[in-house]
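Engineer: Read off the chains here:
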Amino acid sequence: MAKTLFQKVWEAHTVRQLPNGQTQLFIGTHLIHEVTSPQAFGMLRDLGLKVKFPQRTFATVDHIVPTNELKEPYSDPIAQEMIEALRKNTKDYGIKFFDTTTGQQGIVHMVGPEQGITQPGTTIACGDSHTATHGAFGAIAFGIGTTQVRDVLATQTLALSPLKVRRIEVNGKLKPGVYAKDVILHIIRELGVNGGIGFAYEYAGTTFDNFSLEERMTVCNMSIEGGARCGYVNPDQKTFDYIKGKPFAPKAADWDAAVARWKSFASDAGCKYDDVKVYQAENIRPTVTWGITPGQAIFIDEKMPALETLNAADRQTAEDAYKHMKLSPSTPIKGTKVDVAFLGSCTNGRISDLREVAKYLKGRKVSASVKAIVVPGSQLTAIQAVHEGLDKIFTDAGFEWRGAGCSMCLAMNPDKLVGDQLCASSSNRNFKGRQGSQTGRTILMSPLMVAAAAITGEVTDAREVFKV
Amino acid sequence: MSLAKITQVKALALAVPGDDIDTDRIIPARFLRCVTFDGLGEHAFRDERTGPDGKERAHPMNSAQAARIAAAKQGVMVVGFNFGCGSSREHAPQSIWRFGFTALVGGSFAEIFFGNSTALGVPCLTLSKDDLAELSDFVQKNPDVEVTVDVENLKVSAGAKTWKADIAASARNSLINGKWDPIADLLEGASDVAKTAGGLAYVAGK
Ligand code: SF4
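Chains X and C, in that order, are what the protein sequence lines are.
For the first sequence, the working numbering begins at 1 and goes up steadily by one.
For the second sequence, the working numbering begins at 469 and goes up steadily by one.
Simulated from the structure, these hints should not be mistaken for lab results.
Where is the CB? At the ideal position from N, CA and C, for every residue including glycine.
Just to be clear, a hint being listed does not mean it is correct.
Quick list of simulated restraints, FRET-style, between CB atoms [said to hold, decoys possible]:
1) C/Lys473 / X/Lys238: 22 to 30 Å
2) C/Val613 / X/Thr102: 54 to 62 Å
3) X/Gln280 / C/Thr504: 44 to 52 Å
4) C/Ala652 / X/Asp301: 55 to 63 Å
Here are a few chain C residues that sit away from chain X, every Cβ distance over 10 Å (derived from the structure) [as the list claims (entries may be wrong)]:
5) Ala538
6) Arg557
7) Asp634
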């Protein structure tokens, strides 16, 4: 019988049926970080249990690390306490830790792929909702809570129910100045922020075939913003090329067997999907959010929706959103004044994002009224960017160049909005208060759109600013 | 490990209306800067409850009803659709539970939030849109009437009214059989785990 990748990976990792009807699923790779793991290690100790597969557990520190302070102890004692807790836990249990001193630290969803830990046909869990990022490689990857982190530490398994699979096909060629970020914002806008509940999203079609692994990661990353716990792209030659030679990739002697195995996990031709949606790439334009959920999005040249055009439930959220955002229905979003520009995060903090922006940024200057920061998602990305001279292009333009971490994506470190500042952000969430100020405002967009906002001081169309 | 069998929760209720209430609103990220869950209860919905000027805002969680629930350490929160969307932080259901809520009723719940709550022994039941509106209205008008969240028989009742409710079958099973923390079951499968692991080349480092 023809099967989807999701079904094949699920079957290969099924341990047994649990009494409540759920599946005990083996988790091949467990990624942990400082925010959601300390309580889990605490529970483990309370129960007198050990880490079952320390060699399949990998740790990094990302959320709380300051990006402008390299020496420890950090001026924030809580950040210091959290990093030290992770050091102790990984040492006590023999877990590999990509610490700040290794040159390999970074946002957990960047470290996995960079190290070759993220592989097709595997299961990956992490106490972080953006774990679906790893699905770009054809892995079944999802976020879990802290009690589940404990479950994986103790047993390397989880109690789960299978998901339905929705194939989301995007075909054709994106117009210049339109990016993977616009594709996923568009999909969420179309299907809604809870449209994916109960589903795994399989992203496919010629647009995805042509996407680099980094572009695929940007899309998979935001599956959860559409309500889907997990999203993936079937593995292909690009996937294998990306993994080859990475530290944790299969060795030369095992390589061919690994590739054959990975290929076998791809969804079969003629397999059944629970739902299929099809979009045309040419119809997608640069997309920005105007509200407080990622689904409240429009094309840059559209007007924000009139309340009368929304159904009753959406209208309430929209009213709340307009109030918080200090924006008005039926007016253009273009021209909205921007105070901060944030380029980074596990959605768009990769080397290809920095390269794309740097290409257009040369010779341009950040508006005097804007504070602009660029935060590479990982130390390896930062090192590569410096090697290519990208940091110089950013700083010459007036961006602050920072150290690796989550930074202003969720502001658990000192990078925060102040008061009702409005931030043009390449991150993934525009929730109220997300960027560290209760009244702060976030507009999600692609990295190049962030750069355009930084330069002009307002939400604008990057295609016009940069003559793309 | 023996856990309580959660067949029903009967307690005072508080309506916290609104759809797409995300985990950043339930517990702002600054309260994630911790290595234990202790003390999270008092910060549930912190930025909704307290304005930037430090003054209390009009919010259900600031009401006398909320205070009664906090004191009783028992209560039903009546919410909207897509409640708990956003991050996987267990801090969100932990803060609600530690505040005093022992069951939630809503239109729909984000999946990770739902799983995290179940693992704490906090049932999250869903009602149809119209029924939910009716319940929410009832609760706001009758703060002294206890609401019964019947996990076993899939219904919610208050006063003379009863509404048909739903919850994933596996969660219902776990809750009513006192198996909502899956760790015991998962540990029991150890020999099968070894078998599955043995069949996976990448786990062996290949
Ligand atoms: S960059 Fe943002 S979304 Fe990604 S892991 Fe960090 S905080 Fe979460």
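Engineer: What are the numbers of the hints the structure violates, in ascending order?
Structural biologist: Violated hints (numbers, rising): 1, 6; every other hint is consistent with the structure.
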